[in-house]
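Visitor: These protein sequence lines map, in sequence, to chains Y and U.
Numbered per the numbering used here, the first sequence spans residues 1 to 269.
Numbered per the numbering used here, the second sequence spans residues 1 to 269.
Some hints could be false.
Copies of the same chain are indistinguishable here, so a pair counts whether it falls within one copy or spans any two.
As the list claims (entries may be wrong) - Straight line, CA to CA, 16 Å or less: simulated EDC-like cross-link-like pairs of lysine to aspartate or glutamate:
| no. | residue 1 | residue 2 |
| --- | --- | --- |
| 1 | Lys-121 | Asp-72 |
| 2 | Lys-30 | Asp-262 |
| 3 | Lys-191 | Glu-167 |
| 4 | Lys-91 | Glu-31 |
| 5 | Lys-121 | Asp-111 |
| 6 | Lys-54 | Glu-64 |
| 7 | Lys-191 | Glu-268 |
| 8 | Lys-140 | Asp-111 |
| 9 | Lys-191 | Asp-111 |
| 10 | Lys-81 | Asp-115 |
| 11 | Lys-231 | Asp-82 |
| 12 | Lys-78 | Asp-115 |
| 13 | Lys-47 | Asp-82 |
| 14 | Lys-142 | Asp-111 |
| 15 | Lys-81 | Asp-111 |
| 16 | Lys-94 | Glu-254 |
Source of the hints: derived by calculation from the structure; they are not laboratory data.
Small disclaimer: the values here were computed from a predicted structure and weren't measured.
Number of protein chains: 2
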Amino acid sequence: MSRVLSIVTGANRGFGSSICQEFVKFSPNKEQHLDFILFARSADSLKNTKESIKTLSKVANVIEEYGVEMSDIPQVEKTFKDCLDKIEWNKYSKICLVNNHGTLYNLDKIDTFTDFQHIQKNNDINITSFVTISSLFLRKVKALPNFKDLEVTMVNITSLAAIKPFESWGLYCSSKAFREMFSNVIAEENKSSPNFKVLNYSPGPLDTDMQKEVRETCSSEETRQFYLELKKNNNLVAPGDSARALAKLVFTYEFTTGQHIDYYDIKEK
Amino acid sequence: MSRVLSIVTGANRGFGSSICQEFVKFSPNKEQHLDFILFARSADSLKNTKESIKTLSKVANVIEEYGVEMSDIPQVEKTFKDCLDKIEWNKYSKICLVNNHGTLYNLDKIDTFTDFQHIQKNNDINITSFVTISSLFLRKVKALPNFKDLEVTMVNITSLAAIKPFESWGLYCSSKAFREMFSNVIAEENKSSPNFKVLNYSPGPLDTDMQKEVRETCSSEETRQFYLELKKNNNLVAPGDSARALAKLVFTYEFTTGQHIDYYDIKEK
Numbered sequence: 001m002s003r004v005l006s007i008v009t010g011a012n013r014g015f016g017s018s019i020c021q022e023f024v025k026f027s028p029n030k031e032q033h034l035d036f037i038l039f040a041r042s043a044d045s046l047k048n049t050k051e052s053i054k055t056l057s058k059v060a061n062v063i064e065e066y067g068v069e070m071s072d073i074p075q076v077e078k079t080f081k082d083c084l085d086k087i088e089w090n091k092y093s094k095i096c097l098v099n100n101h102g103t104l105y106n107l108d109k110i111d112t113f114t115d116f117q118h119i120q121k122n123n124d125i126n127i128t129s130f131v132t133i134s135s136l137f138l139r140k141v142k143a144l145p146n147f148k149d150l151e152v153t154m155v156n157i158t159s160l161a162a163i164k165p166f167e168s169w170g171l172y173c174s175s176k177a178f179r180e181m182f183s184n185v186i187a188e189e190n191k192s193s194p195n196f197k198v199l200n201y202s203p204g205p206l207d208t209d210m211q212k213e214v215r216e217t218c219s220s221e222e223t224r225q226f227y228l229e230l231k232k233n234n235n236l237v238a239p240g241d242s243a244r245a246l247a248k249l250v251f252t253y254e255f256t257t258g259q260h261i262d263y264y265d266i267k268e269k
Numbered sequence: 001m002s003r004v005l006s007i008v009t010g011a012n013r014g015f016g017s018s019i020c021q022e023f024v025k026f027s028p029n030k031e032q033h034l035d036f037i038l039f040a041r042s043a044d045s046l047k048n049t050k051e052s053i054k055t056l057s058k059v060a061n062v063i064e065e066y067g068v069e070m071s072d073i074p075q076v077e078k079t080f081k082d083c084l085d086k087i088e089w090n091k092y093s094k095i096c097l098v099n100n101h102g103t104l105y106n107l108d109k110i111d112t113f114t115d116f117q118h119i120q121k122n123n124d125i126n127i128t129s130f131v132t133i134s135s136l137f138l139r140k141v142k143a144l145p146n147f148k149d150l151e152v153t154m155v156n157i158t159s160l161a162a163i164k165p166f167e168s169w170g171l172y173c174s175s176k177a178f179r180e181m182f183s184n185v186i187a188e189e190n191k192s193s194p195n196f197k198v199l200n201y202s203p204g205p206l207d208t209d210m211q212k213e214v215r216e217t218c219s220s221e222e223t224r225q226f227y228l229e230l231k232k233n234n235n236l237v238a239p240g241d242s243a244r245a246l247a248k249l250v251f252t253y254e255f256t257t258g259q260h261i262d263y264y265d266i267k268e269k
């Protein structure tokens, strides 16, 4: 039986780690092998995700893990190319790339920015590495002899912030808007391939370390209060719940390429 | 009588040069002084724009001109800070920054990208320099003692590509989507200041050197044919016509902050 391959970035913690676990739990055929390739800033940090995958299933495995600094574009290009070259593509019938990595930049109002080289570096993390990984992946899979027999998904982890401006989220909103538009152009350029789909998945306000960072560093008191209330009233989304909804979309393949889907639109009542 | 100050980037040719000329022509009060500060890759290249402004009016002047490489973020930061520090702000009653500079990147389909360091550099031109200039300008004008008495406009030269994905325009579309969202967050963060407005102005398909580049380099035959037809059938927009429509918006100040306005929505019949 042919296998499923999932390549997940930012897989060491938070939503990235939940995605891997829920893919394993959701997989409709319990005997189908699920192979994972994981990316994070350091390969060591992937230990927990790797163990949680192994614990959940005998047929799920992390076959490769890579440490890469996403702001270092030549390193991203080289590492991702090496990764793609090592894959035994003919083993798979379903392939999914999840671009989950990203940074908050800062949570300052735009008129208080001071460190533009930090912003430049963070643009490379959220934007340029995303472009690099997406483009290399696309070229590789489209050139496979069995491309037409594969079910391919590229997931961009996006946000409500990609489509709605929020005070003190200027760079985060804008980089997510970039990624969403880039994914939509990929969808447009590949609309003649029904076996290839792009998904912009907005996971909701997740109860992860990133939210903790928001509560601790947001300079807009109004926005900070909003997120403190969300946490206090237990209205943050459990990463596992949102990752399960994503797993369902990826495995059932029931979405339109280029679609922006928010967790709140599809969560089970 | 107090003066109008316009700071225009990419002012050496094409639409940037037309903006300067139409601002002078449209200015409702023919005795009001119009001062310009111009940016381009090299200060020498601004000679034509400078002369055309001088020819049009006795009260219009280029008071400073700067050559700056927009991909060099420390240089952009230093040059723009120096520029802002030299301005005698109390001479002005109306101030307009036009972020007009930008690059096409490439016109290749996303699965054919190869030069990711070129993309990184172009992200800095279209995105990081835009963030740097916008943020520094905002901080400076909001700290002016007479800020509340000024009529301030920040214009982002955008495109239909910012809101609609086009084949082979992946990076251009996405960088314009970034800029538009960033401008919308600026609008959101400053909505309590009625004397401060952000405008996303989409000038239409202009008959400039950039369009020539499109016709010559676009890898999608379908898209290329579309632009060849536009040129052949005389359906490209004259830069002066579109710049005049922008001048009218800026001088009448009749638009909502954060609005996306397309030339085709407002052009005179």
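Visitor: Take the hints in turn and mark each one as holding or not.
Guide: So, going through the hints one by one against the coordinates:
Taking the closest pair of Cα atoms, Lys-121 and Asp-72 come within 16 Å of each other both inside a single copy (8 Å) and across two copies (13 Å). Taking identical chains as interchangeable, the C-alpha atoms of Lys-30 and Asp-262 are never at most 16 Å apart, the minima being 27 Å within one chain and 53 Å between chains. In this assembly of identical chains, the alpha carbons of Lys-191 and Glu-167 lie at most 16 Å apart only when taken from different copies (10 Å versus 35 Å within one copy). When the C-alpha separation of Lys-91 and Glu-31 is checked against a cutoff of 16 Å, the pair qualifies only within one copy, where the shortest distance is 15 Å, while the shortest distance between copies is 76 Å.
Neither within a single protomer nor between protomers do Lys-121 and Asp-111 lie at most 16 Å apart by alpha-carbon distance, with minima of 19 Å and 24 Å respectively. With identical chains, the CA atoms of Lys-54 and Glu-64 are at most 16 Å apart within one copy only, with a shortest distance of 13 Å there and 65 Å across copies. In this assembly of identical chains, the alpha carbons of Lys-191 and Glu-268 never lie at most 16 Å apart, being 29 Å within a copy and 37 Å across copies at closest. Only between protomers do Lys-140 and Asp-111 lie at most 16 Å apart by alpha-carbon distance; the minimum there is 8 Å, versus 42 Å within a single protomer.
In this homomeric assembly, Lys-191 and Asp-111 come within 16 Å of each other (Cα to Cα) only across copies, at 13 Å, whereas the closest approach inside a single copy is 41 Å. In this assembly of identical chains, the alpha carbons of Lys-81 and Asp-115 lie at most 16 Å apart only when taken from different copies (13 Å versus 32 Å within one copy). When the C-alpha separation of Lys-231 and Asp-82 is checked against a cutoff of 16 Å, the pair qualifies neither within a copy, at 41 Å, nor between copies, at 44 Å. For the identical chains of this complex, Lys-78 and Asp-115 are inter-copy neighbours only, at 12 Å across copies versus 28 Å inside a copy, given an alpha-carbon limit of 16 Å.
When the C-alpha separation of Lys-47 and Asp-82 is checked against a cutoff of 16 Å, the pair qualifies neither within a copy, at 21 Å, nor between copies, at 49 Å. For the identical chains of this complex, Lys-142 and Asp-111 are inter-copy neighbours only, at 8 Å across copies versus 44 Å inside a copy, given an alpha-carbon limit of 16 Å. For a Cα distance limit of 16 Å, the shortest separation of Lys-81 from Asp-111 across copies, 14 Å, qualifies, whereas the shortest one inside one copy, 39 Å, does not. Only within a single protomer do Lys-94 and Glu-254 lie at most 16 Å apart by alpha-carbon distance; the minimum there is 14 Å, versus 53 Å between protomers.
Checked against the numbered hints given earlier, this structure breaks hints 2, 5, 7, 11, 13; the rest are met.
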